[in-house]
Amino acid sequence: QSCCGIDNLIDQKIQAAVKSAVSAVSSKVQMTCTSVKSGGANARCPSGYIATSCACGMACGSWDIRGDSICHCQCGGIDWTSARCCKVGLRG
Amino acid sequence: QSCCGIDNLIDQKIQAAVKSAVSAVSSKVQMTCTSVKSGGANARCPSGYIATSCACGMACGSWDIRGDSICHCQCGGIDWTSARCCKVGLRG
Amino acid sequence: QSCCGIDNLIDQKIQAAVKSAVSAVSSKVQMTCTSVKSGGANARCPSGYIATSCACGMACGSWDIRGDSICHCQCGGIDWTSARCCKVGLRG
Numbered sequence: 008q009s010c011c012g013i014d015n016l017i018d019q020k021i022q023a024a025v026k027s028a029v030s031a032v033s034s035k036v037q038m039t040c041t042s043v044k045s046g047g048a049n050a051r052c053p054s055g056y057i058a059t060s061c062a063c064g065m066a067c068g069s070w071d072i073r074g075d076s077i078c079h080c081q082c083g084g085i086d087w088t089s090a091r092c093c094k095v096g097l098r099g
Numbered sequence: 008q009s010c011c012g013i014d015n016l017i018d019q020k021i022q023a024a025v026k027s028a029v030s031a032v033s034s035k036v037q038m039t040c041t042s043v044k045s046g047g048a049n050a051r052c053p054s055g056y057i058a059t060s061c062a063c064g065m066a067c068g069s070w071d072i073r074g075d076s077i078c079h080c081q082c083g084g085i086d087w088t089s090a091r092c093c094k095v096g097l098r099g
Numbered sequence: 008q009s010c011c012g013i014d015n016l017i018d019q020k021i022q023a024a025v026k027s028a029v030s031a032v033s034s035k036v037q038m039t040c041t042s043v044k045s046g047g048a049n050a051r052c053p054s055g056y057i058a059t060s061c062a063c064g065m066a067c068g069s070w071d072i073r074g075d076s077i078c079h080c081q082c083g084g085i086d087w088t089s090a091r092c093c094k095v096g097l098r099g
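Residue numbers (this note's numbering), protein chains in the order written: chain V, 8 to 99; chain L, 8 to 99; chain B, 8 to 99.
Extracted from the complex, chain V is given alone in its bound form (with noise of 0.2 Å):
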């Protein structure tokens, strides 16, 4: 080794394990969704997720989404409602 002091030595093992690590979180980092459906105007997401889209029946596609997680189509006497629910965390 053309180095070194205990100083360099310290810090290669440092870097070392913090690319090792942001190399891990890169590699686990990713979106999760799911699809909800339900009788009626409303869809509910599951805990932790958002809802990111909604669907519903007799091809209506006028719909929002209230509170972050509960889809709701508006046009009148719908029959089913789903929800598209994502979250994004770590894996594993």
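Calculated directly from the structure, the hints in this document are not laboratory data.
Be aware that a few hints might be false.
Identical chains share a label here; the pair holds if one copy fits it or two copies do between them.
Derived pair list, reagent style BS3-like, types lysine-lysine, alpha-carbon separation capped at 25 Å [said to hold, decoys possible]:
1. LYS20 / LYS35
2. LYS35 / LYS94
3. LYS44 / LYS94
4. LYS44 / LYS26
As the structure is a prediction and not an experimental result, all values here were calculated from the model.
Given the coordinates of chain V, work out where chains L and B should sit on it, guided by the hints.
Leaving out everything else, chains L and B in the frame of chain V:
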């Protein structure tokens, strides 16, 4: 303690700090979403957000996303458009 | 410096490196989305992406997502389907 030279002690310090940081990142990474509703056939997400879906007035389910952040409803004479807008980051 | 034994110095090195890495991760984590449009009633996201919503021709707002990455429009004789597809990762 059954161990150790200074080398072991330093490794332990590093591993503990890195583990704690990964745990902190894991608990802070999150998706945040908001909805933007506009009159007419277009709705634009706030800066930094990406559109994950669109909803349209008149029960219309035909839309496209332009430039990652603008919702465009395709049905003629559309009265309102809303964009579901999300981003990912570390909380706090 | 009012401190310190070598122990303090090593702790400072570790904390600085970890703090810098967390800051780098925070600035790099992001959601990336793309849209895929196909003729017919189905559209498939690219590998690694998850469908966050679907849009359909014929003004249809009734759809479902199959296997996390395939959009299926439910209205009869549908002419086109598009999938909004997203993933999360570290940039760069």
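Hint check:
no.: 1; hint: LYS20 / LYS35; in the structure: both (23 Å within a copy, 24 Å between copies)
no.: 2; hint: LYS35 / LYS94; in the structure: both (14 Å within a copy, 12 Å between copies)
no.: 3; hint: LYS44 / LYS94; in the structure: both (18 Å within a copy, 23 Å between copies)
no.: 4; hint: LYS44 / LYS26; in the structure: neither (42 Å within a copy, 39 Å between copies)
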